[in-house]
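**Q** For this one, chain A is given, so just place chain B on it according to the hints.
Just so you know, the sequences run in chain order A and B. Going by our numbering, the first residue of the first sequence is number 1, and it counts up by one from there. Going by our numbering, the first residue of the second sequence is number 1001, and it counts up by one from there.
Possibly wrong hints are sitting among the right ones.
[Said to hold, decoys possible] With a cut-off of at most 27 Å between alpha-carbon atoms, the simulated DSS-like pairs for lysine-lysine come out as follows:
1. B:K1063 - B:K1253
2. A:K63 - B:K1063
3. B:K1253 - A:K89
4. A:K45 - B:K1314
5. B:K1004 - A:K89
[Said to hold, decoys possible] Ranges of calculated distance between the beta carbons of each label pair, as one might list FRET restraints:
6. B:E1200 - A:K45: 52 to 62 Å
7. B:A1261 - A:V65: 56 to 66 Å
8. A:S96 - B:Y1125: 49 to 59 Å
9. B:A1295 - A:T73: 53 to 63 Å
10. B:A1003 - A:L110: 17 to 27 Å
11. B:K1355 - A:T127: 43 to 53 Å
It should be emphasised that the hints constitute simulated quantities derived from the structure, not laboratory data. The structure presented is a predicted model; accordingly, all values stated were derived computationally and were not measured. Where a beta carbon is used, it is the ideal one built from N, C-alpha and C, also for glycine.
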Amino acid sequence: MAYPANYRYTREHEWIEADGKTGRVGITDYAQNSLGDIVFVESPKVGASVKKGEVFGSVESVKAVSDLYSPVTGTVTEVNEELASAPEKINSDAHSAWIMKVELSDPAELESLLSAADYEKYIAEETGH
Amino acid sequence: MGAKMVDFGGWDMPVEYSGLIAEHMAVRTGVGLFDVSHMGDIQLRGPESFQAVQHICMNDAAKLQVGQAQYSAMLYPQGTFVDDVIVHKFSDNDYLIVINAGTREKDYNWVRTNAQKFHCHVSDYSDYYTQLAIQGPKAAETLQKLTNVDLSTIKFYWFKWGTVCGLPNTLIARTGYTGEDGFEIYIPSDEATSKRVWEEVLEAGREFGILPCGLGARNTLRLEAALSLYGHEISETINVFEAGLDRFCKLEKGPFIGSDALQKVLAGGGPERRLVGLEVVERGIARDGYGVFNADGKQIGAVASGSPAPFLKKNIALAFVPREYAAPDTEVFVQVRSAMVKAKVVPTPFYRRPKKQQ
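Looking at chain B on its own, in the form it has when it is part of the complex:
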């Protein structure tokens, strides 16, 4: 396919196929296709699988109906991140947790260890599935050609099973990592099937200008939508409040791994540092790891993720700063090699997809 490949957490992944900017714009204006099979799939099944999920994940799975998913995270006892996840409720006794590639083994061991005291079975299904993400305003029209399921009946962050490309019982979830409407489908992982489905999706999306998209566009898309990347906005040294993921953390549901430590953070007045959005206002690109400084030249933080934003045509970043610098319009400086480049704090997400009727 002419992809430029790179190593990502032990996986050989394409950075770009035809060009990062073109791929990014295809997702924002038409449709793009990602192979996200590197992500992991952990299934929890059994009479206490719900309790296990509630214990291990910070969001409230009691809010889920069958067929519904939620963004969540697994925390260490100190309230910092093992990984961010999406929890899918298949039934009262059956949950699928989709996890990140780079942390697959760690996550699986974490779930297995912490689910032990509950009456449930934990399985790692990652190798059974190829996961494809079809993302963009034309994703639904593209996928609709390939499935008997009426996609208009699947709401955002819900899922159904149906026949896709002739494959029965395929999981179709209206989830994604791009800030656009879109679907993630889970198909059998044998090479022949995966390749066939990939080609069929590209064919179905051809009239909408579909492009296969690599990791480069995946990163710029999620950055514009201010979605977290493990090791950058979330990690084992960053807690839920610092990362700004409070709304996905339901302390009121009762104790779970990490809840005690988080209660203490709140009792202590909240986190000292916060993740904020930055927009660079002078010439320069703020990149991962660059220092963030105040007007007196003192370093106050660092960029977690930074890059040009192809759709917004601005240079943006997510950075950790002390809370006194977290208010929108606060002026800070980013050290771009030898220069101090002015940036301002802006609300996130940087990009929100246009509202349209579903």
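For reference, chain A alone in the conformation it holds in the complex:
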């Protein structure tokens, strides 16, 4: 699976596709594969504040709950309603199935996130492949 070059990534396996002051956030293909079949997404509310590195929601597979960590600080402008009834979209296309859109309060934060190449290296190390 290719990791889009224009996305940035976290060590907690979230991605952000940012365009200046707004960004879409989701979880990576590596994350969805580790989790297995996703059955439930707990999204933040529109208007909520999110902070870089802090929990903004969770994703549940049949077997487990996984917290989601925000890659950036800002305000939630939109959540992906489709995931309420079709959470499995994250499994079928993790890099399109965005969970929230955020208005960034500090776009400079993006620079400290991992590039696609660095993220791929990171997961290769993590899995020992």
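**A** Using the frame of chain A, we list chain B on its own:
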């Protein structure tokens, strides 16, 4: 095989092979294959093996005919669970007790100690056998290709011996832990044989969409069927009535380990708490250990096992609640992280396989 592995009671077990939901659905609609070799096999043989079984296990082995099995349990003197088991009657002097993986050593020692006063021999055969479970509506058609035994002559919870995959004298039991029709076969445990049989079963089941199934699907399947898991619905601190396993406990057969304490529970008006089925009615998944609350916000119990149910497409749970909350349709709340999610008491099992002629 590409399985995701996990430690389960000291065993390295696959959680899933191709995906939990796919594996679960294969068992409900076609056929699935489980390696359940982690389970244990204790044999009691000798002139008083029947008496030993009656003393140690709560169900009535006198009801068994040769070739028949029954779900039962071994109890502590206080009426709580050492383990749940399946007792197989090989002959009047020969019984096989199949026990759980996580409690193997404890169980074996328990049986050996408590069978001592009876004229019988106790053997632990666990390491000799690989146990495979073939489960689902197409299990019989799958296994029939591999055996000379007419499987239609083996009724549910009965067993026979026959040749399976060329192996003579293989025990074929129509038992399982999924709520579906199916078989458990006991074959020699050497790696080459086990692997060959595994591959042959997968080949035989290919036309029915057979999938190898891991612990994840094993758990969701047994939960839909409301079957107990040690440490969750049954344990050393839970008694037979609390666990709702009264019908497998035959106090009328005469005294056995735990019967006195259970008589006292009955004389005292029955158990204070009961295991009930819950169906979550608002958005949320009730999971093991989550608190169960009443409408006033007071905690009244906890979830023993909870999970999404892949076939039923609901979120279900088994939970202990005080008996006044045990009636079907009673509304309770499950604490799912910071939220109180509404759930209702429902009858169990959550899933019953469709009736078809055997």
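**Q** Take the C-beta atom of A1295 of chain B and the C-beta atom of T73 of chain A, compute their distance, and say whether it sits inside 53 to 63 Å.
**A** Violated, since A1295 of chain B and T73 of chain A (Cβ atoms, about 39 Å apart) do not stay within the stated range.
**Q** Measure nothing beyond the straight line between the CA atoms of K1004 of chain B and K89 of chain A; if it is 27 Å or shorter, mark the hint as holding.
**A** Roughly 22 Å separates the two Cα atoms, so the pair holds.
**Q** Please test the hint of 56 to 66 Å on the beta carbon pair from A1261 of chain B and V65 of chain A.
**A** violated (38 Å)
**Q** Mind checking the alpha carbons of K45 of chain A and K1314 of chain B for me, to see if they're no more than 27 Å apart?
**A** Holds. K45 of chain A to K1314 of chain B sits at ~24 Å (cutoff 27 Å).
**Q** Taking the Cβ atom of K1355 of chain B and the Cβ atom of T127 of chain A, is their distance within the range 43 to 53 Å?
**A** holds (47 Å)
**Q** Is 17 to 27 Å respected by the C-beta to C-beta distance linking A1003 of chain B and L110 of chain A?
**A** At roughly 38 Å between Cβ atoms, L110 of chain A and A1003 of chain B fall outside 17 to 27 Å, so the hint is violated.
**Q** Hinted pair, alpha-carbon criterion (27 Å max): K1253 of chain B, K89 of chain A. Please report holds or violated.
**A** This hinted pair is violated, its Cα atoms lying about 56 Å apart.
**Q** Hint says 52 to 62 Å; check whether the CB-CB distance for E1200 of chain B and K45 of chain A agrees.
**A** holds (54 Å)
**Q** Mind checking the hinted window 49 to 59 Å against the Cβ distance between S96 of chain A and Y1125 of chain B?
**A** Once the Cβ atoms are compared, 53 Å apart, the range 49 to 59 Å for Y1125 of chain B and S96 of chain A holds.
**Q** Keeping to a limit of 27 Å between CA atoms, is the pair of K1063 of chain B and K1253 of chain B held or broken?
**A** holds (10 Å)
**Q** For K63 of chain A and K1063 of chain B, compute the direct alpha-carbon distance and say whether it is at most 27 Å.
**A** Roughly 39 Å separates the two Cα atoms, so the pair is violated.
Violated hints for the displayed structure, listed by number in ascending order: 2, 3, 7, 9, 10.
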